[in-house]
Amino acid sequence: MTLEAEDKPAVLEMRTIRKAYGPVRVLADVSLSLAEGEVRCLAGENGSGKSTLIKILSGVVGADAGTVTIAGRPQGNDAKAAISAGLSVIYQDFSLFPNLTVWENIGFLAAVTAGDTLHRRSARRALATETLKRMRVEIDPDTPVERLPVASKQLVAIARALANNARIIVMDEPTTALTRSEVARLLEIVGALRDEGVAFLFVSHKIEEVFAICDTITVLRDGRVVVEGPIQEFDAASLVEAMTGRSIDSRRLPRIQAEPTAPFLSARKLGRRGEYTDVDIDLRPGEIVSVVGLLGSGRTELALTLFGTLTADEGRIEIGGLPVVFASESDAIDHGIAYVPEDRLTEGLFLNQTIRDNIVVSSLEKNLRAGFIDARALAQRARDAVKALRIKTPDVSPSVATLSGGNQQRVVLARWMERDPKLMILNGPTVGVDVGSKREIHELLVALSRSGKAVMVVTDDISEAIALSDTILVMVRGKITGRFDANDVDEDQLYNEVIKEGRA
Amino acid sequence: MSKPLSRVLATPQGVVLITVLVFALVLSIINPAFFSVATLIDLLRNSLVTGIFALGVMMVLASGGIDVSCTAIGAFAMYATMKIVLGVDIDLPIFAFFALSALIGAMLGLFNGLLIGILGLPTLIVTLGTLSLYRGVLLTFLGTTYITAVPREIIAFSRKVLVRMENAAGQMVSLPYSFLVLVGVAAVVAILINFTLFGRKIYAIGGSEEAAERIGIRIKRVKVMIYVLAGAIAGLAGMTHVTLSRMANPFDLVGMELNVIAAVVLGGARITGGYGTVTGTLLGVFVITMINTTLLMAGVPSYWQKVVIGGLIIVGTGLPIVIERLSRHRERISRSLSA
Ligand SMILES: Nc1ncnc2c1ncn2[C@@H]1O[C@H](COP(=O)(O)OP(=O)(O)OP(=O)(O)O)[C@@H](O)[C@H]1O
Ligand SMILES: [Mg+2]
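Chains A and B, in that order, are what the protein sequence lines are.
For the record, in the first sequence the residue sitting at position 475 is 475 according to the working numbering, with numbers rising by one throughout.
For the record, in the second sequence the residue sitting at position 65 is 65 according to the working numbering, with numbers rising by one throughout.
If you are wondering where the hints come from, they were derived from the structure by calculation, not from laboratory data.
Beta carbons are placed, not taken as given, at the ideal position from N, Cα and C, and that holds for glycine.
Please note that the accuracy of each hint is not assured.
[Claimed, not checked] Anything over 12 Å on all C-beta distances counts as not near chain B; from chain A, calculated: (1) L32; (2) S58; (3) P98; (4) G115; (5) D235.
[What the hints assert, rightly or not] The following label-pair restraints were derived from C-beta to C-beta distances: (6) R18/A x K306/B: 57 to 65 Å; (7) N194/B x F350/A: 54 to 62 Å; (8) A190/B x R224/A: 29 to 37 Å; (9) V307/B x S451/A: 55 to 63 Å; (10) P23/A x I18/B: 56 to 64 Å; (11) G22/A x P122/B: 46 to 54 Å; (12) P122/B x R383/A: 40 to 48 Å; (13) A184/A x R335/B: 23 to 31 Å; (14) R383/A x G310/B: 44 to 52 Å; (15) F350/A x R335/B: 29 to 37 Å; (16) V307/B x E329/A: 34 to 42 Å.
[Claimed, not checked] No farther apart than 16 Å at their CA atoms in a straight line, the calculated lysine to aspartate or glutamate pairs in the EDC-like style are these: (17) K479/A x E314/A; (18) K220/B x D78/A; (19) K80/A x E213/B; (20) K392/A x D235/A; (21) K269/A x E329/A; (22) K80/A x E210/B; (23) K80/A x E209/B; (24) K366/A x D395/A; (25) K422/A x D331/A; (26) K269/A x E318/A; (27) K8/A x D235/A; (28) K206/A x D142/A.
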């Protein structure tokens, strides 16, 4: 396959690309080429420069030096020219129009590319429905995108790129919100298009996907290409090592068994009509409990109830043995509960504010001096947090928007850790985080729990649940259908539990 | 609450529509003479200028901006047009008056557009600045005197009416030809935003500027165009005002801008961008005019108009949010968990 690919003409050439933001060098002499029908994986840790390279390639951001050639045509800093040359990009943040319908979002790229003057409703709508059908996803084309859950938004972003008949498709972490079967279908489509000669540049932190679909790999570390070659030259361990510069253990984290203690929080017969019912859960200091379930299984709603965002309409919650009622999130926060949300971009972060402010915003009272905020101490605390979580930034004063996706996720984590909560609830804590950092975040959470905090993780990442948890609860259609000791359950077993009677 | 009613009330336009109907009903019970074609005609006539302004502002709002300078553009354009026409002293068809005023408006809009689109300055700041600037230049350099000796083409045009009738009080009310300007602008804007890609780009930019740029929309160009169009429309509104009042007063129009924006927001456009329709906007204008005029007719002190309009803005934009929340709640309750 690779040999074949080498014979074919390069549809994309990037040569010695350089880019710096102020004093921060993001890309140094990166070269990359893509032949017709080649699927190349662009791998690297958070902040290694993958998204930046993609933005340069697509003409959204200008490079400081170097050249980009698409289909033989040299490109400048011009998104439209790159699109007309046959490039489609699925951006890490989706870049959709929340106010427009699904079909208009999907058709818009094609309309702009074609240089339409008139708004060709029926043609564009037909294109969108046909693309969604090809992807075998069921999303009502007339819904406004802002009403969709994250996974569907991601599918719409993918559909938009596929609908444009592109010759080169760049996918920046296209599967972060998707279930296994959706990923499988996406990979199928990629395979079919590859056979038609479409070239792909694929960014993912999920190693299995990379090996399932890619022909060649380029690994970035700190803005440089460290290795490059056909996939056969790599295995999971060597790829991870190339990315991180060290070897990462993927097994379950070692830990001392927690002493059985009285639960910090327990819920009995908890239910919220239409979302979940009859949930019993105990969250103990020193223990990590994962709730694993598909999207729509009620896992997020359960977490939000424990955090006071939603109210249960049956059952009860007790903290330290005493019944409590949360009228709002601040009640839960007062009880020492923290929640790290699923969709960090809209729920978690103030993108245009500094990293410092984002980290300390919910724990300002820690640095009060005679009623006034001690700015220097705040900044120091933020800096310590940046170091502890290895957030890749020169300082705490740039805005969070300048961070890479995975590093933004760490800022959210840092904020809640700064509050010293007694119970930390995390929803998808490592979505979009690279393998190395994922391991670090897991280690951090294990350490946190061993220091006497209760931790609850909501996730659909089965290997994460096993690596991280002490106890795993499986949630299917609003009910807890299984309880496992993470020591003696394997991935396949757990996966089968999770999809049981799911996805009718 | 019955299903259809709650669906109507779930959009600002719906709330406005219901308000219009309830208002009309109450007023016609109090005063049966109110409910007549004559009243309707009078209302339409009174909404003309606000309506034309509002259509331009609606496009700006849809693109995620705001334009408070529209009234200053309108005043500048109409007064400058009159000065020019009286200065050159040749007979021009009425069409040329409107064209000239629109052209001047477009040029002032272009200045807004360049500052906003090319330099990327915040729209509120720019248009607040130019509101004052255009008005200042108008009063300083063009003059502060009323022009009452308007050209006879304008007089002739303003005499032409589509319908004329006597109202209950025995006064003549009429719908002048300039109503067609509103109809024309509404039609053009409706076609533009619904049937051309340019129009859809306005909404795309209003939804997410970054996303628009990434799919290859030249947002600078689109933004400049939007402000040019809004300026031209403001110029037409200014000229329409002249034909209605048969004189050109440089102190007129400015001060209406908040009413215009209120009407647009009541019509379903959002300050945050991405939304807005022609019918909604016209409805918003109509209800605001209705409140202003009828309360006045009913002898309610004019401060009350402000209270009513303020209340309507809050209810009109707040109620849909509450209803949306309620319906989501109901949808959840009715969902069953067993497959
Ligand atoms: N606009 C900007 N201003 C300043 N620095 C930036 C800007 N955009 C990106 N950076 C920096 O460039 C580096 C590379 O970011 P990039 O988003 O390309 O990483 P990435 O490889 O895509 O990571 P991830 O896997 O987390 O998405 C990061 O350190 C980031 O902080
Ligand atoms: Mg990235």
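Hints versus structure:
| no. | hint | in the structure |
| --- | --- | --- |
| 1 | L32 | holds (20 Å) |
| 2 | S58 | violated (7 Å) |
| 3 | P98 | violated (6 Å) |
| 4 | G115 | violated (9 Å) |
| 5 | D235 | holds (35 Å) |
| 6 | R18/A x K306/B: 57 to 65 Å | holds (59 Å) |
| 7 | N194/B x F350/A: 54 to 62 Å | violated (36 Å) |
| 8 | A190/B x R224/A: 29 to 37 Å | violated (54 Å) |
| 9 | V307/B x S451/A: 55 to 63 Å | holds (58 Å) |
| 10 | P23/A x I18/B: 56 to 64 Å | holds (59 Å) |
| 11 | G22/A x P122/B: 46 to 54 Å | violated (24 Å) |
| 12 | P122/B x R383/A: 40 to 48 Å | violated (32 Å) |
| 13 | A184/A x R335/B: 23 to 31 Å | holds (28 Å) |
| 14 | R383/A x G310/B: 44 to 52 Å | holds (48 Å) |
| 15 | F350/A x R335/B: 29 to 37 Å | holds (34 Å) |
| 16 | V307/B x E329/A: 34 to 42 Å | holds (35 Å) |
| 17 | K479/A x E314/A | holds (14 Å) |
| 18 | K220/B x D78/A | holds (13 Å) |
| 19 | K80/A x E213/B | holds (9 Å) |
| 20 | K392/A x D235/A | violated (27 Å) |
| 21 | K269/A x E329/A | violated (21 Å) |
| 22 | K80/A x E210/B | holds (13 Å) |
| 23 | K80/A x E209/B | holds (15 Å) |
| 24 | K366/A x D395/A | violated (21 Å) |
| 25 | K422/A x D331/A | holds (14 Å) |
| 26 | K269/A x E318/A | holds (12 Å) |
| 27 | K8/A x D235/A | violated (26 Å) |
| 28 | K206/A x D142/A | violated (32 Å) |
The earlier numbered hints that this structure contradicts are 2, 3, 4, 7, 8, 11, 12, 20, 21, 24, 27 and 28.
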